[in-house]
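Each chain is listed here by its residues.
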Amino acid sequence: MGAGHHHQLYRPGDTLVHRLPPQCKLVAVAAFALVVVATPREWLWAFGLYALLLGVVAFAARVPPGFVLRRMVVELPFVVFAVALPFIGLGERVPFLGITLSVEGLWAAWNILAKATLGVAASVLLAATTEPRLMLLGAQRLRLPPLLVQIAMFMLRYMDVIVDEMRRMRVARESRGFVARDVRHIPAVAKSAGALFIRSYERGERVHLAMLSRGYTGSMPVIQDLSASSRQWLTAGMLPGAALVALLGTTLVNGGLG
Amino acid sequence: MTASLEVRRLAYAYPDGTQALFGVDFEIARGERVALLGPNGAGKTTLVMHLNGILTPGHGTVTVAGLPVGKDSLKEIRRRVGLVFQDPDDQLFMPTVREDVAFGPANLGIRGEELRRRVEEALDRVGMLDVVDRPPHHLSFGQRRRVAVATVLAMEPEILVLDEPSSNLDPASRRELAEILRGLDVTVLMVTHDLPYAMELCERALILSGGVIAADGPTREILADAELLAAHRLELPYGFALPRAEHSS
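Heads up: the protein sequence lines correspond to chains L and C, in order. The letter at position 78 of the first sequence is residue 78 when you use the UniProt record's numbering, and the numbering goes up by one with no holes. The letter at position 213 of the second sequence is residue 213 when you use the UniProt record's numbering, and the numbering goes up by one with no holes.
Just so you know, the hints here were simulated from the structure itself, not pulled from any lab data. Watch out, some of these pointers could steer you wrong.
[Claimed, not checked] Derived list of chain L stretches under chain C, where covered just means 3 residues or more per stretch with a C-beta under 8 Å from a C-beta of chain C:
| # | region |
| --- | --- |
| 1 | 150-156 |
| 2 | 195-207 |
| 3 | 222-235 |
Here a beta-carbon is modelled for each residue, glycine too, at the ideal position from N, C-alpha and C.
Pulled out of the complex, with its shape left as it was, chain L reads as follows (with noise of 0.2 Å):
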């Protein structure tokens, strides 16, 4: 299926993994990072197995490891965050190169890189895997209030059409010599933002006619059928399970939590 360049996030394919219901992903996603989240820091073992479970959902995905990085960048102003954590933490301290680390900021960094990037990393498999339209439906279908959903929906069909007329508001300012230099340049560009806003109101009235013209009476009817079997649910819980799985392991290894 058509995906606009606004989607780069999804990568079209037909594996296990995309054929999954949306909504089976998306719980399996939500757990996984539950599951993450409560590790604790100090199990690196644990962390390491949730990455490698990641790795063979990318595979079976067939999801190449530079689509999945690249896209990670996205988690760089909080790693920003988290490189600063030894430095400016308190308490015991180590030295390294010349300079000395806290370590209790150490763990602190670690702790937020490590969970961070395996849930931003689940959620970018996520959305390769998943179009972002069958995304809201699974959604709807977790029970997410029907008008976030729609809303949602609205602004996936318009993004390209309102982007589109800002670039036509663009052309129209710079035709008339308008080139925004500097600050004093922003009162026209915050007045085109106000046409754009007021544009964009009229137009969700038309489309609000148009639904209302073909019998639209306030929820969105069923068209597509997105029922899961148990089947894909157990396939689905594969992730989470394996990698709760991981976590007892590493409990038991640990000799309990201590």
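Go by the hints and put chain C onto chain L.
Chain C alone, transformed into the frame defined by chain L:
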């Protein structure tokens, strides 16, 4: 036989007091293709909004295949009257063509195999079956307009109402749409000020001007009456002329 559409003494004023329609009267028989002509601001869009009950008449009635438009009949009326809006981006609001064409029939409670059949049949009638799984914003403007027609055909309407169907189309898309519309076995009311297009597709034309029906007759005769057209701010494009004598037999 019951008429597909019957409008009787329809008057309407907007909430701000602007009177848009002053008693509109006309009737369209089943299978007819009728052009509704009129200058900008004549009340064409206001009239169209009455046909499927989006606006409620201040006075008068609209009847679709024997069923009066009213609060209780809205659902059935909206199935019977297929409105195709001018901007296909307003009409096509779902993420894929399939879901969009399915939206209307699904609202009527149709599901499963029957829904699938309706969608594919409607798209086939406008020659757009091959884009069924594409997102609407990846289609050309002409393709989107055709899909917009399919979205209402899927509801199997009694009458198809098109608002400026030829606007923004390049000559080839315009001709393709005309061929599709001519091939449909359905009553059509086409709102336009594209007079050659009306001439090409509709045997009968109405002129709506100043909120009333100012003329009603064979399209050819109406378009040949230069004085009538001029009185209602309508003009044939440069180079077009329909000699009156030739057809006033």
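Outcome of the hint check:
Under a criterion of three residues with beta carbons nearer than 8 Å to beta carbons of chain C, the stated coverage of the region 150-156 of chain L is upheld, 3 such residues being counted. A stretch counts as covered by a chain when three or more of its residues have a beta carbon under 8 Å from one of that chain; for the region 195-207 of chain L and chain C the count is 3, and the coverage holds. A stretch counts as covered by a chain when three or more of its residues have a beta carbon under 8 Å from one of that chain; for the region 222-235 of chain L and chain C the count is 4, and the coverage holds.
Consistency with the previously given hints is maintained throughout, with no hint failing.
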